[in-house]
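Trainee: Sequence:
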Amino acid sequence: MNDQPVPSLTIKNQDVPPRLMPWEQTILTIGRDVANDIVIDHRLASRRHARLERDEAGCYIRDLDSTNGTYLNGVKVNGLAPLRNNDEVWVADTVIIFRDPEATMKGTPPPVVMHRIASQDQAELHVDSAAKEVYVRGKRLDPQLTAKEFQLLELLYNRRGEVVSKEQIASGVWDYEVYDYNAIDALIYRLRQRIEIDPSAPRFVLTVRGFGYKLSLD
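Here the sequence shown stands for residues 1 to 218, where the numbers follow full-length UniProt numbering.
What the hints contain is simulated information worked out from the structure, not anything from laboratory work. In this text, a Cβ means the ideal position worked out from N, Cα and C, and glycines have one as well. Where hints are given, some of them may not hold.
[What the hints assert, rightly or not] Estimated spans, in silico, between C-beta atoms of each pair:
hint	residue 1	residue 2	range
1	Q193	S8	54 to 62 Å
2	E24	R137	46 to 54 Å
3	P101	Y189	18 to 26 Å
4	S129	L206	15 to 23 Å
5	K132	D65	55 to 63 Å
6	P101	S129	51 to 59 Å
7	R203	K132	21 to 29 Å
8	D128	V178	49 to 57 Å
Could you put the whole structure together from the sequences, leaning on the hints where they help?
Mentor: Quick look at the structure:
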């Protein structure tokens, strides 16, 4: 536990400026008695009021049967209660704010990630070749395409706007010679069933009669 960053406590009350205290021990006692690790000089605080405890599983606040109670985020603590980042522990007139150095930071992803997310959300159709995933109108296709369906779509996507002949599809999708182009037509049919709203009037995969197929994202 010594190799990990330790939590910290910000201790605030009305009489003195806030102070920051690293939580290095496994147990810190709180109370009015000067023998405590955190001394609260107030008549509403019991001599042994509460105890902060931490182990490999987490951090906790324990009320020690104090007269006036220990409060966690405004709720009275009965026995032991787990602590989360930015939790507030109240004892008499003092608030102790818990900071967890390993808590997940809230924020905005880097610009490059935001751009990628926005591009996927705005695009009618997006193919992620690395992840082997397809997004239609911002939603990931689930279940995913079969291997052949994905290879066909990826080929058309990489040449979007261009006519791709059946010969080019055969050599790009199959690792052996294809003599019956009905297999290509059947694969086109299955792909349309997966990505088109109305497969009978395709929006993306268009037939260019006499030449082949093309992917349109306009």
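Trainee: Given a hinted range of 18 to 26 Å, is it respected by the beta-carbon distance of P101 and Y189?
Mentor: violated (56 Å)
Trainee: Has the hinted range 21 to 29 Å been met by the Cβ atoms of R203 and K132?
Mentor: holds (22 Å)
Trainee: With respect to the beta-carbon atoms only, verify the hint that E24 and R137 lie 46 to 54 Å apart.
Mentor: Check passed, 53 Å falls within 46 to 54 Å.
Trainee: Taking the Cβ atom of P101 and the Cβ atom of S129, is their distance within the range 51 to 59 Å?
Mentor: violated (38 Å)
Trainee: Mind checking the hinted window 54 to 62 Å against the Cβ distance between Q193 and S8?
Mentor: holds (57 Å)
Trainee: Using the beta carbons of D128 and V178, state whether their distance is inside 49 to 57 Å or not.
Mentor: Given about 27 Å between the Cβ atoms, the range is violated.
Trainee: Taking the beta carbons of K132 and D65, is their distance inside 55 to 63 Å?
Mentor: Once the Cβ atoms are compared, 59 Å apart, the range 55 to 63 Å for D65 and K132 holds.
Trainee: Okay, S129 versus L206 on CB: inside 15 to 23 Å?
Mentor: holds (21 Å)
Taken one by one, the earlier hints fail for this structure at numbers 3, 6 and 8, listed in ascending order.
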